[in-house]
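> Add chain B to chain A, keeping to what the hints say.
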Amino acid sequence: MPATKFLFWNIGRKPLAQLVSELVEIHGVDVIMLAECETDPGAMLQALNRTPETGFHFPASLSQRTVIFTRFSREFLQPVFESERISIRRLALPARAPVLLATAHLPSKLYWSGESQAFECVELARSIEAEEQVAGHRRTILVGDFNMNPFEAGLVSAAGLNSVMSRRVASRETRTVQGREYRFFYNPMWSHFGDVRDDTAGSYYYDAGEHVNYYWNMFDQLLLRPELAEHFDPTGLNIVRAVGARSLVRPDGRPDPANGSDYLPILFEVEF
Amino acid sequence: MAAQTDFWGEIVPACPERTPLAIMREQASLLGTKTKNLVEATVDTSVDPNGQFVHRFTLVVPSLGSYKYELFRIEHGVAIYPISFASEVPSAQLSREPVNRLMNPRLSSQLETEQEFVDWLRQKLSSDETKRIIANLLAQATS
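Protein sequence lines, in the order shown, are assigned to chains A and B.
Quick note on numbering: the first sequence equals residues 1 to 272 in this note's numbering.
Quick note on numbering: the second sequence equals residues 1001 to 1143 in this note's numbering.
Chain A with its partners taken away, still in its complex shape (with noise of 0.2 Å):
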């Protein structure tokens, strides 16, 4: 099955369209999703079509929060619903079975606490599945910057995005809860906590000063449904760490906003 590659980035309202730019080219990306993008499309565009070999499209939408680029014409990539907060479209390339790819950007630990967030998820969940129904099939790409992490109520719960750690457990499908039937998300970023290749443990840093304090943590995530994660190979995965010559850590690992952004670029690859 033909690979689909993927770039998610909260840029923080960051001037990086030359670096995004170069991101995307060097990695060969097809569909980029910006959160906190205050750069004007136009210049965007201008950036990204910089050769002409390249030719990105910028398809119109009213969710504000998370800009998307692609390479494939706009017709191919259409919005079925969206919120300020989430976009869910679907994507139908030629010959190509048709997927949903949803974004998110929820709101901050700084303003809602973590039942609000989890509850949040609750809506996000429900609304995936509705146009689940509607397209026909569960073929859904769900990925953004959740400010919460994978092992958060929102993510896990069963009545919120369901999301676990292991393929082979999403392969269920499903799991049933007092009855009630409720249909899993695999979440690959599991995998990426920790210091096992290098000392970006997480794709955001942050010292809490409290007592419960995670240092890394993982609030941009990829989720898929399980008949996309079964032909998905993890080892796609990545936290991008350097553009070409320039890194976007610090020698410790952290994110280095003073090259970058906060917070560290998402790669992924779909069959589909």
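These aren't lab readings, by the way, just hints derived from the structure by calculation.
Given the structure is predicted, the values throughout are model-derived calculations rather than measurements.
Just to be clear, a hint being listed does not mean it is correct.
Just the calculated beta-carbon pair ranges, DEER-fashion [what the hints assert, rightly or not]:
hint, chain 1, residue 1, chain 2, residue 2, range
1, A, V134, B, A1079, 33 to 39 Å
2, B, S1084, A, V196, 41 to 47 Å
3, A, G42, B, S1143, 16 to 22 Å
4, B, S1143, A, D199, 46 to 52 Å
5, A, L93, B, Q1123, 41 to 47 Å
6, B, Q1123, A, S113, 22 to 28 Å
7, B, S1066, A, M1, 38 to 44 Å
8, B, S1029, A, Q46, 40 to 46 Å
For glycine and all other residues, C-beta sits at the position ideal for the given N, C-alpha and C.
Positioned in the frame of chain A, the structure of chain B alone reads:
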């Protein structure tokens, strides 16, 4: 056998002037006529795991494959009031930088009475932001 005793007494529906759901549905029904049914509005209700009633006010564009845009959402318990709604802070304030949480009130706000809800809803539906969204949808629906 002893006659059954009715402990229930008379049950009459609580009669607020209008429920929030009825008010939202009434406003939703008015949008279609203002836009020649190019942009319509619906109200969907569900109950969240916490037992709260959630009413979503969604714009629908039938000519764009029934594209939907959730304009806002309110929540309330069985007592109806207070109603909670999520208000958004400007994106410029969104940050993961450490700040004193006490200085940052939560996004969720509450409406204590029907009059407060009606005033809030009027402000929401007639706001520049809502008009901008509907204008954009109309432009796409007619292009």
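> Look at each hint and say if it fits the structure.
These are the hints, each one checked on the structure:
Checked against the given bound of 33 to 39 Å, the beta carbons of V134/A and A1079/B, roughly 34 Å apart, stay inside it. For the pair S1084/B and V196/A, the beta carbons lie near 43 Å from each other, so the given range of 41 to 47 Å is met. Between G42/A and S1143/B, the C-beta spacing of about 19 Å keeps the proposed range 16 to 22 Å intact. Between S1143/B and D199/A the Cβ separation comes to about 51 Å, which falls inside the hinted range of 46 to 52 Å.
For the hinted restraint 41 to 47 Å between L93/A and Q1123/B, the CB-CB distance of approximately 43 Å keeps it satisfied. The beta-carbon spacing between Q1123/B and S113/A, approximately 26 Å, falls within the hinted interval of 22 to 28 Å. Separated by about 29 Å at the C-beta atoms, S1066/B and M1/A break the suggested range of 38 to 44 Å. Roughly 45 Å separates the CB atoms of S1029/B and Q46/A, a value that falls within the hinted 40 to 46 Å.
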